[in-house]
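Residue strings, one per chain:
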Amino acid sequence: MDKFTKLTSSAIPLAIENIDTDQIIPARFLKATDKEGFGENLFRDWRFNKDGSINTEFPLNDKTYSGSILVAGDNFGCGSSREHAAWAVQGYGIKVVVSSFFADIFKGNALNNGVLPIQVSPAFLEELFAEIKKDPTTLIEVDLGNQKITILSADSSEDFDISDYKKTCLINGYDDIDFLVSNKDDIEAFEGSRA
Amino acid sequence: MKKTLFDKVWDAHVVKEMKNKLQILYIDKHLIHEVTSPQAFNELEQRGIPVFRPEQIVATADHNTPTTDQHLPVKDEMSRKQLEQLNKNCAKNNITLYDLGHKYNGIAHVMAPELGITQPGMTMVCGDSHTSTHGAFGSIAFGIGTSQVAQVFASQCLLLEKPKSLRITVNGTLKPGVLPKDVILYIIAKLGTNSGTGYFCEYAGTVFEEMSMEGRMTVCNMSIEMGARGGMIAPDETTFDYIKGREFAPQGEEFDKKVAYWKTLPTDEGAVFDQEYHFKAEDIEPMITFGTNPGMGIKIHENIPAEDNASFEKSLAYMDFKKGQSLVDQKINYVFIGSCTNGRIEDFRAAANYIKGKTKADHVTAWLVPGSQQVAKQIEEEGLKDIFEQAGFQLRQPGCSACLAMNDDKIPEGEYCVSTSNRNFEGRQGQGARTILASPLVAAATAINGKIIDITKQAV
Numbered sequence: 001m002d003k004f005t006k007l008t009s010s011a012i013p014l015a016i017e018n019i020d021t022d023q024i025i026p027a028r029f030l031k032a033t034d035k036e037g038f039g040e041n042l043f044r045d046w047r048f049n050k051d052g053s054i055n056t057e058f059p060l061n062d063k064t065y066s067g068s069i070l071v072a073g074d075n076f077g078c079g080s081s082r083e084h085a086a087w088a089v090q091g092y093g094i095k096v097v098v099s100s101f102f103a104d105i106f107k108g109n110a111l112n113n114g115v116l117p118i119q120v121s122p123a124f125l126e127e128l129f130a131e132i133k134k135d136p137t138t139l140i141e142v143d144l145g146n147q148k149i150t151i152l153s154a155d156s157s158e159d160f161d162i163s164d165y166k167k168t169c170l171i172n173g174y175d176d177i178d179f180l181v182s183n184k185d186d187i188e189a190f191e192g193s194r195a
Numbered sequence: 001m002k003k004t005l006f007d008k009v010w011d012a013h014v015v016k017e018m019k020n021k022l023q024i025l026y027i028d029k030h031l032i033h034e035v036t037s038p039q040a041f042n043e044l045e046q047r048g049i050p051v052f053r054p055e056q057i058v059a060t061a062d063h064n065t066p067t068t069d070q071h072l073p074v075k076d077e078m079s080r081k082q083l084e085q086l087n088k089n090c091a092k093n094n095i096t097l098y099d100l101g102h103k104y105n106g107i108a109h110v111m112a113p114e115l116g117i118t119q120p121g122m123t124m125v126c127g128d129s130h131t132s133t134h135g136a137f138g139s140i141a142f143g144i145g146t147s148q149v150a151q152v153f154a155s156q157c158l159l160l161e162k163p164k165s166l167r168i169t170v171n172g173t174l175k176p177g178v179l180p181k182d183v184i185l186y187i188i189a190k191l192g193t194n195s196g197t198g199y200f201c202e203y204a205g206t207v208f209e210e211m212s213m214e215g216r217m218t219v220c221n222m223s224i225e226m227g228a229r230g231g232m233i234a235p236d237e238t239t240f241d242y243i244k245g246r247e248f249a250p251q252g253e254e255f256d257k258k259v260a261y262w263k264t265l266p267t268d269e270g271a272v273f274d275q276e277y278h279f280k281a282e283d284i285e286p287m288i289t290f291g292t293n294p295g296m297g298i299k300i301h302e303n304i305p306a307e308d309n310a311s312f313e314k315s316l317a318y319m320d321f322k323k324g325q326s327l328v329d330q331k332i333n334y335v336f337i338g339s340c341t342n343g344r345i346e347d348f349r350a351a352a353n354y355i356k357g358k359t360k361a362d363h364v365t366a367w368l369v370p371g372s373q374q375v376a377k378q379i380e381e382e383g384l385k386d387i388f389e390q391a392g393f394q395l396r397q398p399g400c401s402a403c404l405a406m407n408d409d410k411i412p413e414g415e416y417c418v419s420t421s422n423r424n425f426e427g428r429q430g431q432g433a434r435t436i437l438a439s440p441l442v443a444a445a446t447a448i449n450g451k452i453i454d455i456t457k458q459a460v
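Each protein sequence line maps, in turn, to chains X and P.
First residue of the first sequence? That's 1 in this note's numbering, and the numbers climb one at a time after it.
First residue of the second sequence? That's 1 in this note's numbering, and the numbers climb one at a time after it.
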């Protein structure tokens, strides 16, 4: 897993609520047996028109916007447990997703793939959308160590929550498998106690 | 201390508590399928870690499988490869697989309960968000991502924070024609799609006590559609009767011992939940959805609400519906009855009961997809197949099918489909397809009439 500590980037705004994992990566792209290539199909049916041409109005295709931070509407990532959604976000080059609310499973999947989901207040989310609209090159700083997100141009910031464990995992690029396997003795003892 | 059903099952599975609120939770049963497991097997192989408890894993092929000609090689190359990969991975790791064509093959959440694999008091996971279905038995069951599938492969455990608890109580008597699907669509419409996020939900009250196991599974199945990782219903005589005698259920004395334990699981009187909601059964009517998330539901005779919100309007634009519009008399060309939500025998009985002696409207394509081989067999044995075929419905072979349209069962662009599945997201049933969620009864009535009708005006 990639390590994450600090990031300063412009952001891509996606002011839509309840973006579900079927939009992030449609089911017809779930047939791969590895994790590669999902980024190409991120938001496939919103990025492309029905005739296959590029939908230039969609923020990811709009040259005005760039960066590795995605700012999205409330309840991002609801629906299916497909981790392919997190692989698509990561594969596209997004390192941080900001929203006022995340669905549980997506949030966990993102963290397990080195993508940081940051939950901010609805007011801060509005401010982010407004600042990006005003100046699409506006820089946003994400400081995982201090759990702080800052809109540099507006000098406005907010603290965010993340569990200490997940924070350590992201900073060091660890994942839960190593940790769980290291507890095998306790797991076997637990099994023995139930038999 | 007074405990909830959820507390009792959860606490009995904690291997170790860490200092940062995290707990190592032991998983009793792990269901896997072709779509969300291959990368997890790869992960273990790359790290040289063996599968820790293969005998606690059961695999099935369900998501991308065809629902016709299952005896022939799968035509779609990518799907075929994914299925072959599942085969190889299971063979290599000594995991039981109910492959395409096996008498126990079916959707994970239909197959495991009907074989008695799902039992009260268990912890169960699967790389599929509708794993919440199994909570109908009083088990803790939830969907996980592929990284977590790999974790369970490696250790039979997950590292988790204990979720908060929520109870939804519905008391009273349901009106005729109101099915379990309507109950859960009503709850989600009232509470919204993210009301359950961070919670495990217990459904309580007379409505659930009187419900069949199939109905309870439909309700728990859609817990994730309000954001709750899982839903649970206290095990009772209905549960024990359902499990008794099934293939992998405990037998004889062992069964009696288990029942004695299962009887200790219901929530203690006076146990406290983090959140509670109450509804009256009499307020619930047959439901349909009009938008692109399962929370956008109305009673079948109600008009679409008028909300001033860009996301709401985007959703209506996708569906080509207008604020204030009624969906009664809306012409429908596609009907799908099936999925892990409503692909059980009781769902097909409800549909057949309405369809019997009638014929579907000419312009309607109506697909019936059993949730498993066993359900397909029952449909035939009970004579429902004849009713469906005489009415012009297409009875297909088991699988997830048009619920997520990974196989060829896709609804064409722009078409409406009244569907008994669980998600009406944009493109869920095919690119540009428009899904209207409903009960098997409403779906059957739509197919017969060729349009949505106000089922409450018919004697059912």
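Since the hints were made in silico from the structure, they are not lab data.
All of these numbers come straight from a predicted model, not from anything done at the bench.
Glycine included, each C-beta is placed from N, C-alpha and C at the ideal position.
Possibly wrong hints are sitting among the right ones.
[What the hints assert, rightly or not] Taking lysine to aspartate or glutamate pairs in the EDC-like style, the calculated list, with each CA pair at most 16 Å apart, reads:
(1) P:K103 to P:E413
(2) X:K6 to X:D186
(3) P:K314 to X:D185
(4) P:K21 to P:D11
(5) X:K167 to P:E161
(6) P:K16 to X:D186
(7) P:K358 to P:D320
(8) P:K16 to X:D185
(9) P:K21 to X:D161
(10) P:K358 to P:E413
(11) P:K19 to P:E161
(12) X:K50 to P:E413
(13) P:K16 to X:E191
(14) P:K162 to P:D7
(15) X:K184 to P:E17
(16) P:K263 to P:E209
[To be verified] Coverage of chain X stretches by chain P, computed from C-beta distances (three or more under 8 Å per stretch; other residues unrestricted):
(17) 9-22
(18) 152-159
Taking the hints in turn, this is what the structure says about them:
no. : hint             : verdict
1   : P:K103 to P:E413 : violated (35 Å)
2   : X:K6 to X:D186   : violated (35 Å)
3   : P:K314 to X:D185 : violated (53 Å)
4   : P:K21 to P:D11   : holds (14 Å)
5   : X:K167 to P:E161 : holds (15 Å)
6   : P:K16 to X:D186  : holds (8 Å)
7   : P:K358 to P:D320 : violated (30 Å)
8   : P:K16 to X:D185  : holds (11 Å)
9   : P:K21 to X:D161  : holds (14 Å)
10  : P:K358 to P:E413 : violated (29 Å)
11  : P:K19 to P:E161  : holds (11 Å)
12  : X:K50 to P:E413  : holds (9 Å)
13  : P:K16 to X:E191  : holds (12 Å)
14  : P:K162 to P:D7   : holds (9 Å)
15  : X:K184 to P:E17  : holds (14 Å)
16  : P:K263 to P:E209 : holds (14 Å)
17  : 9-22             : holds (count 6)
18  : 152-159          : violated (count 0)
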